[in-house]
Amino acid sequence: MSTAFSLQWLLTETPESRSQAAWGRRYRAWLALRSNPLAMIGLVIIVTFVVLSLAAPWLATHNPGAQDLANRLARPSAAHWFGTDELGRDLYSRILYGGRVTLGMVIAVVVLVAPLGLAIGCIAGYFGGVVDRVLMRVTDVFLAFPRLILALAFVAALKPGVESAVLAIALTAWPPYARLARAETMTVRNSDFIAACRLTGAPSGRIILRHVAPLCVPSLVVRITLDMSSIIITAASLGFLGMGAQPPSPEWGAMIATTKRFIFEQWWVPTIPGIAIFLASLAFNFLGDGLRDVLDPKQR
Amino acid sequence: MIDVDQLRVRFGDNEVVKGVSFQVPAGDSFGIVGESGSGKSTVLRALSGLNNAWTGHIAINGEAVGPRRDRAFFRKVQMVFQDPYGSLHPRQTIDRILSEPLLVHGIGEIERRIERALAEVALPAAVRFRYPHQLSGGQRQRVAIARALIAEPEVLLLDEPTSALDVSVQAEILNLLADLREQRKLTYILVSHNLAVVAHLCPRVGVMIGGQMVEQLSADDLRGGHTRHPHTAELRSLSVGLEEVP
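Protein sequence lines correspond, in order, to chains A and B. Using this note's numbering, you'd call the opening residue of the first sequence number 1 and step up by one each time. Using this note's numbering, you'd call the opening residue of the second sequence number 301 and step up by one each time.
Everything labelled a hint here was simulated from the structure, so no lab data went into it. A hint or two may mislead.
As the list claims (entries may be wrong) - Which chain A residues stay away from chain B? Per the calculated CB distances, all over 12 Å, these:
#1 Ile45
#2 Ala66
#3 Val111
#4 Phe145
#5 Ser249
Claimed, not checked - The calculated label-pair distances, taken between Cβ atoms and stated as ranges, are:
#6 B/Gly437 to A/Trp58: 54 to 62 Å
#7 B/Asp520 to A/Leu31: 54 to 62 Å
#8 A/Leu38 to B/Gly356: 54 to 62 Å
#9 B/Gln323 to A/Ser204: 31 to 39 Å
#10 B/Lys485 to A/Leu31: 45 to 53 Å
Glycine included, C-beta positions come from ideal geometry on N, C-alpha and C.
Sequences are here, hints too, so could you generate the full structure?
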């Protein structure tokens, strides 16, 4: 197989088997993504952040919870690369460990929200009628609540912590995705190719899952990557209100929230986690934009 | 084979098909002609099971069918749509499009059947892993025909299968359909506004106007001008007149 797995094998115009065609498609998608500089910048930043967070125990110079009140709010130095916070904890180590919490929360929310919104939107859009009306009114109810208040209520009902914060954000973040998926579904449900699927005798579930939902994914991906930053901010707000990640666990949003009063004298203390959030959000946006282009085979 | 009796379809308050009846024996092909909006496509969609707001009686193979169809029905009856640009899923390869009916019906030997289906509609094997937008209109319509035939149906419903295509490609597709019918002993119902297309493929023709089938006659009578209803004569003279324009 080593000789068979050549570039020629991947890029041939006349693949001989289904798997060869699929790998060729994937490789071409990768080439398309690679030729998009912004998407590659985004991908590199995200991969770097994820690797740094996962490798935090080996890369961190200090214990992220170790306090040193004699050395609080120190400037960046050789001992503390990003300085120290209001309790003398090493900011560099806290950023690394905080990435685990923050990125973990964002990814968990997306994994929960995207399939839920997609499923509800596609089902409502495909069936229409009573199903559509019921599902969309439920969506309206969730949309009408102020997001943070609803999340707060959920967390208050559960116990404060990262898991409850994830659940609360997920429960409040799905309605826009359902709306988007429904709109996309409505544009294709009366098309001839869906009629042809129905004429194969396929059950509705199969049509929605295999034929309708894939058409909604690209716009959903873009919307989700644009929402990444607001998910981080919501997580931070919950943390600030004492409902998210609990101290002393480091979380980027909470790190800004607890040190924001030092912004004028020791500006680097809240700024450094701010830069981390900014870079992560920007990278997700870049990557999302590139992914949308790659996911649409018509644009190749 | 196909028995339609007093078929009525209404959209809201508007009755589009007002009691249409016709029979098609097995292995025969029946053409329905009429102007735009005469309800001919609606008859076809009611037959195929896409439109289930109809009343009357439809029987396939002597078995009455209701508004809801089971999977066995869709193995027997398939449809080819007018617009080959809209009837193929834009994000699926030809391979995926053709394997879908086989997967749904649990038919095995997918590899071999897809290869054979492509060969039957005279498509090169190279198109198998392409996307619809990489094919021409005629090639797409061949894919649509291959998809309709891959689960080996007995009845093929053709909704203006050539009207979105170039004249030269139209002839190719019509000949392909005629050959396939002969090989597979298929029963066709062809809907078109083009008398020449219908007369080429169907020995018997029904003429529809305003939701009613006003006349049924043989293709030879149509060619010879032996029409009884004034509207048929009108359609014919229009069509002949158009053909005579160089």
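Hints and how they fare:
1. Ile45: holds (29 Å)
2. Ala66: Correct as stated: the minimum Cβ-Cβ distance to chain B is 53 Å, above 12 Å.
3. Val111: holds (23 Å)
4. Phe145: holds (35 Å)
5. Ser249: Non-interface label stands for A/Ser249: nearest chain B Cβ at 42 Å, farther than 12 Å.
6. B/Gly437 to A/Trp58: 54 to 62 Å: Cβ of B/Gly437 to Cβ of A/Trp58: about 60 Å, so the range 54 to 62 Å holds.
7. B/Asp520 to A/Leu31: 54 to 62 Å: holds (59 Å)
8. A/Leu38 to B/Gly356: 54 to 62 Å: With a Cβ separation near 60 Å, A/Leu38 and B/Gly356 satisfy 54 to 62 Å, so the hint holds.
9. B/Gln323 to A/Ser204: 31 to 39 Å: Roughly 33 Å apart at Cβ, these two residues keep to the hinted range, so it holds.
10. B/Lys485 to A/Leu31: 45 to 53 Å: Holds, since B/Lys485 and A/Leu31 (Cβ atoms, about 48 Å apart) stay within the stated range.
Violated hints: none; the structure is consistent with every hint.
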